[in-house]
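Student: All chains should be built: construct the whole structure from the sequences, respecting the hints.
From first to last, the protein sequence lines stand for chains A and B.
Using the numbering used here, the first residue of the first sequence is number 1, and each one after it goes up by one.
Using the numbering used here, the first residue of the second sequence is number 1, and each one after it goes up by one.
Since the hints were derived computationally from the structure, they do not count as laboratory data.
No false leads were mixed into what you were given.
Taking lysine-lysine pairs in the DSSO-like style, the calculated list, with each CA pair at most 30 angstroms apart, reads: (1) B/Lys238 <-> A/Lys369; (2) A/Lys318 <-> A/Lys211; (3) A/Lys369 <-> A/Lys331; (4) A/Lys369 <-> B/Lys226.
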Amino acid sequence: MTEQTRDIRATSVADAKDDEGAHVYAGGGDWDAIVDEAASLHEERIVVNMGPQHPSSHGVLRMIIELDGESVTEAKAGVGYLHTGIEKSMEFRTWTQGVTFCTRMDYVAPLFNETAYCLAVENLLGITDQIPERATIIRVLMMELNRVGSHLVALATGGLELGATTVMTIGFRERERILAIFEMITGLRMNHAYVRPGGVAQDLPPGAIDKVRDAIPLLRRGIGELERLLNENPIVRGRMVNVAYLDLTGCMALGVTGPMLRSTGLPHDLRKSDPYCGYENYEFDVPVRDTCDAYGRMRVRMDEMYESLKIVEQAADKLQNTPGPVMVEDKKIAWPAQLAIGSDGMGNSLDHIREIMGTSMESLIHHFKLVTEGFRVPPGQAYVAVESPKGELGVHVVSDGGTRPYRAHFREPSFNNLQAFSAMCEGGQLGDVIVAVASIDPVMGGVDR
Amino acid sequence: MSRDDETPDNLPAAQGATPEPVVIDVRQGMFGASDGGDTSGFGGLVTNVLFPAAAARPYGGYFDEIADQLERALVGGSASYAQAIERVVVDRGEMTVFVAREHILGVARALRDDPALRFEMCLGVSGAHYPQETGRELHAVYHLLSITNGGRRVRLEVTCPDDDRHIPSIVEVYPANDWNERETWDFFGIVFDGHPALTRMFMPDDWQGHPQRKDYPLGGIPVEYKGATVPPPDERRKYS
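Tutor: See below:
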């Protein structure tokens, strides 16, 4: 610290004391170097804090952007505003209760969080082969519907952030059809906790398949409407083509997966490269673009929605020919209650309550043991990944042989993909920052967990 | 059963050089209750928590190939395979390679650069805290993916003692690990030496402590409902 700055600080401390008591100053850095560097730079150098509360920051994302005129010279992302300690909380609940927590991470794609977590727990339990086929098909059906819903939100909010309100209204209108299906099947529009270790919470209610079948043509028409509105729209093309460029090398280095990776021309999709949940039995393509820009990502998402609807149709066909249980047979693991959807969401069915409270003491004991204590998982660790709408969603779970996860860690694609924010924005225009973030499609609930 | 039955003479003969499972904890009792008289007798139960033992060749699947190629790729590097690799565990169809912490960077570089290995994607690092494992309390677990070789996966595990929480950063090999290492520093207090800017990822910069360590309390609060109080989750009975 030079003589002069010390003087300034001394005076200000003295003044402050006179005014309103002692003040604390941040110090310790070599400020001279920073001040000199700032002074030597262009005089129009401005640091702008966008967010964490900003209509186009895509959730509580803080963007620290250094500007030279309209050009971005440095861009940093600040995250953590939505950190809720989901992973820590899961260590204090049973393995089954963990679903209730992880479904809240990426709240736009909750069924992927649930399925990935359950696949990991099932791998630890060694019961992957025992999961009933019907439960697996229901999982696929729900995940693919959810993928369409998630991509619709990506396009809708992305459009809104560019100022295109109609894109938003169409996107959310179409997603509503999917949420209505989810509400009918799981009782809730989000935070379902529907997929459970061992299967799913409940079989499809009567009429669910018909509702899915009715929705598919409407969804196709709605997505077509979005395509006609966006694909060749000169404003959209002007804002998105060659903007937020990130090529294959960049994606590899930064661990970027999902539509962003596929917009560089690499057809990497875990459903094809490492199939889980029987994806090898479905016919679908992996859409790619080779433009590496925001426009390519938008088109990849559009195309993926059609592919997902193809899978949903196939899953619906399979479900009609696949009766059977939706929960693993092992009574030491299977959730004992038979659930039903009531006016307030999903809960124990009245039949089950009648059985445990009125007729069978053994059923009551069994229910009580499994629900309060939970099942034990043999010690060890597992990593299972699924292709979520944002990319590779990986779950690393460790068990110490107890009834609770010893450690659960989620490799969230939103979190990893957001690292590319700086690489995509620096050197571009301020207006393109919004496009870049929208094309990453981060969901902050997943980023921060 | 008398105590004599547990003498080593009475145990079945050891199977050649089969490695022993790793004891990571010893658990007493059954229902988590430590107060009051033990009328059930379960309080005297002593169980070892056993993690899978080191695997013996052949590992099966493509795991042998990975081990062979890694051994070859490390020749001429800073450390040989025997020096760098502590043990290999194959469990539930997944391969975990325990790497000595001073050699993690070299092993990561070999795994990325060798054409036969080519793990071009690092899917982040996840921390884990085992307070009972004296001298190796903190684990950093890396998940690697090779798209080139058809989606092969391997897991690297590095340990460090709690009183010397340093692990070399692999950001220079896998830039994707930048935020992940910051996350693991934030939550577990592992210092990744050589990381370009190791600051907290999620918690505020002036936060004290590292929340996902086992010695950091959950901080639950009791909830009152219709006159009764529900204790916070960390104070409820646990069954392990």
